[in-house]
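Visitor: Chain by chain, the residues:
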Amino acid sequence: MNAPLIGARIERKEDYRFLTGAGQYTDDVELPRQSYAAFVRSPHAHAKIRKISLDKARQAPGFIAAYTGEDFAAAKLGGLPCGWLITDVNGQPMKEPPHPCLAQGKVRYVGDQVAIVVAETSEQARDAAERVNVDYEVLPAVVDGSKARAKGAPQLHDIAPDNTCYVWALGDKAVTDAAFAKAAHVTKLDFINNRLIPNALEPRVANGSYSRADDSYTLYVASQNPHVERLLMTAFVMGLPEHKVRVVAGDVGGGFGSKIYLYAEDVAVTWASKQVNRPVKWTSDRSEAFLSDAHGRDHHTVAELALDKDGKFLAMRVKTTANVGAYLSTFASCVPTILYATLLAGQYKTPVIHCEVTAVFTNTTPVDAYRGAGRPEATYVVERLVETAAREMKIDPAEIRRRNFITAFPYQTPVALMYDIGDYNATMDAAQKLADVSGFSKRKEQSIKNGKLRGLGYAAYIEACGIAPSAVAGSLGARAGLFEAGEVRVHPTGSVTVFTGSHSHGQGHETTFAQVVADRLGMPIENVDIVHGDTSKILFGMGTYGSRSIAVGGTAIVKALDKVIAKGKKIAAHLMEAAEADVEYDRGVYTVKGTDKKKMFGEVAFAAYVPHNYPHDKLEPGLNENAFYDPSNFTFPAGTYVCEVEVDPETGVVRIEKFTAVDDFGKIINPMIVEGQVHGGLTQGIGQALTEGCRYDDATGQLLTGSFMDYCIPRATDVPSYQVDTRETPCTHNPLGVKGCGEAGAIGAPAALMNAITDALGVTDMPMPATPQTVWRTLQNKKAA
Amino acid sequence: MAVKVSLKVNGKSVSAEVEERTLLVTVIRENLRLTGTHVGCDTAQCGACTVSMNGKAVKSCSILAMQAEGAEVMTIEGVAKPDGTLHPMQAAFKEHHGLQCGFCTPGMVMNAIDFAKSHPNPSEQEVREALEGNLCRCTGYHNIVKAIGAGARAMAASK
Ligand code: FES
Ligand code: FES
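Heads up: the protein sequence lines correspond to chains A and B, in order. Quick note on the working numbering: the first sequence kicks off at 197 and runs consecutively. Quick note on the working numbering: the second sequence kicks off at -5 and runs consecutively.
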């Protein structure tokens, strides 16, 4: 038997190919007779299309074909669907305006697709696309969510008066208001959770091909969930039988949510491939990615926390306007509602909470889930409020949290979730120690001596991962199931191929999942391969988002493994001439209780495929099992982050001196990979708070932050080395005890950092990102006041 | 107008018919089908396209193919030993988990190898500054910084 693999720092199986240039990303796929597509995009935020002329494009060298919204309408292609129905405060369904793949009569944001042009080379496709002449009648635009419902604001969709998608609420308003009336102290903040542009380093790519031989399609696409992509595309948009479409998402260069969705380009190249009877490939460039990948966040929130005189939380009241952009992207509607308001209890026993969310359409790129999706926004509300309340009431911010921590589990929150387990004091203790909070005042004195400001901030976050029980999600409006599928195929010689519906785009599933399997089967990890990302190989899958892969996808694999092991037990009993009840199994070895008889897993596998001596009367030959797993609850990773900053008052530059993260992810399979996920998440969270912010020009609706030069994703010099550690309360309702770790960093970091900066500056609030200019201005305003 | 460029890539003489506007990265990816070199942006900001040209790390998206006439170019595919053994810098990235999705990785490694030649034992700050031209959206740089330090020391030791 081999050493245990669960909990081992094992180098990743996928790394060799990535390090030698042998990865196969979607743009690396080049098909015979490949043609290339470019999209004509709207240069206006809001305009009527008077006329599109393709004549000049048709004469361009290498031109093959061009299609507009009219062609798509004639072909009866549907619009892009939204996967989650939100019911508003009046019991009415949200407004779902059509989301055509190519604009029909009107464009609604800069970058909206107007036409697809196919040519012999990608340069020729771009050149030809530039020759498409579109006559626009420019309309006034609105880009700011807070202004979308103002009187006289430009209207985007006829079916959505006042640009309102829905007004939705959670919690008991009357009880909440009553609790506020009795409060000794109320803390109130009014802030913006800045719009972000995900910017996975690999831009989106879609390469569609059609085979007349069997009337089938193959779409290679940079996607986080190929089966869902296929389902949406076939059933809702193209009206094709699902079995005639294969979707392949091979190596994917990061997703962070932005590659969950079904995009217009995916449909367009797939459809066009049949028209031109050649494969059609579109590769986004970065400028297009800024315009056309779904954005994240963009909330305007007024939040209040009511406390008694001892700092005990009595109630929370939150009002949010969520800017969903010009159309509803695939999961846009559930992010600022189901994934947001339900997290407002945080780690605390706040007895009553009321949250109202108004989702509005604006002339901007659609907004959808971006790393954390709703939970960073919720954590920002809770943790900024809590820290501010502590300062106002002169209670130590860690102490006020401890006074309110939930300590008994399971715990039913007032916002619909049931936390199964956690130990918030444990992560707080560990974080304070690791961050050397007790030495902070000395360090602060030193900074002051050097003419600098120093601040410390906490964030004690919680998230709901492993989305979700399908029945619960369904009752809340989900239009899909949220289970996961896995298949364990044992080969005659005992090695194993595992097929998973989860998708890896940096998370390292090929290693983590293989550790789980190899550990249970008592074999070297080299004997296990993980296959993902191809609908023709994998039975089904819901894909990867919401930190669900190990908790849901991993559990599906474990369930399939259990079946393999159980069948193996029957075979082993037969081989050892023992009663099945007397056969025991431990990591690759079947034994008979009270004897020294044993059979290795490999011997059993061999017997299953060469069934000469085999219980044919009871069992089929072969050893191949699959399982579908639908979780009974969310998982609830939680932790405490401590951030310490030094600010130069002369320049407004913020330096992160120390960033400490202590997380409880339940059981950990590969600590090295988990730490990597935390580092990456923290950096994206720091990006939100310090460097990143999407800006549109108010008057014209032009995207002002359309390249890496003006939208600053963190560089190596912007972030520190991190101090990370974990505490472990195993999840109670999945066999691995795992919770998920992919989003935590992005969820907790912004609040910790902004708490630290406001502490250093001695101000209540300031907007994200805290760029030097914003920090400097905040300091000047404070001086002037 | 088509022009012919001839250069050496990973030790092999190659030539390609290109347009005047064709970029070096296009020749590498499309003409030579060496797809380990990636394109992550269109403003010379991300470094995913970094290759070695005449011994120096350069962004191949910012060089015309014609400028590489006669040059010796090495891409990520040419870094490991012919038998497949990883270069010490590649091995350090693997050991220190300096990559996640792998998209920035070839550019990171090409830049790191060039940097390590002049910095056999770099400090953390030196490594971070050397990464000014390379973006990674996955790792938060923490493990890349560790990997490059270790890789540089391993390269120095193996000289
Ligand atoms: S592709 Fe060359 S720097 Fe981004
Ligand atoms: S590993 Fe994904 S961008 Fe660096």
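Mixed in with the good hints, there may be bad ones.
Dumping the calculated PhoX-like pairs for lysine-lysine here, alpha-carbon to alpha-carbon at most 20 Å [claimed, not checked]:
(1) A:648 / A:978
(2) B:140 / A:854
(3) B:2 / A:209
(4) A:440 / A:733
(5) A:793 / A:766
(6) A:854 / A:640
Simulated restraints, written as ranges between beta carbons of each label pair [as the list claims (entries may be wrong)]:
(7) A:924 / B:119: 43 to 49 Å
(8) B:2 / A:438: 45 to 51 Å
(9) B:37 / A:782: 53 to 59 Å
Derived by calculation from the structure, the hints in this document are not laboratory data. Owing to the predicted nature of the structure, the values given are computational and were not obtained by experimental measurement. From the three backbone atoms N, C-alpha and C, an ideal C-beta is built for every residue, glycine too.
Visitor: Compare the structure with each hint and give your call.
Guide: Cross-check of the supplied hints:
no.: 1; hint: A:648 / A:978; in the structure: holds (16 Å)
no.: 2; hint: B:140 / A:854; in the structure: holds (17 Å)
no.: 3; hint: B:2 / A:209; in the structure: violated (32 Å)
no.: 4; hint: A:440 / A:733; in the structure: holds (14 Å)
no.: 5; hint: A:793 / A:766; in the structure: holds (15 Å)
no.: 6; hint: A:854 / A:640; in the structure: holds (13 Å)
no.: 7; hint: A:924 / B:119: 43 to 49 Å; in the structure: violated (34 Å)
no.: 8; hint: B:2 / A:438: 45 to 51 Å; in the structure: holds (49 Å)
no.: 9; hint: B:37 / A:782: 53 to 59 Å; in the structure: holds (57 Å)
Hint check: violations occur at hints 3 and 7; the rest are consistent with the structure.
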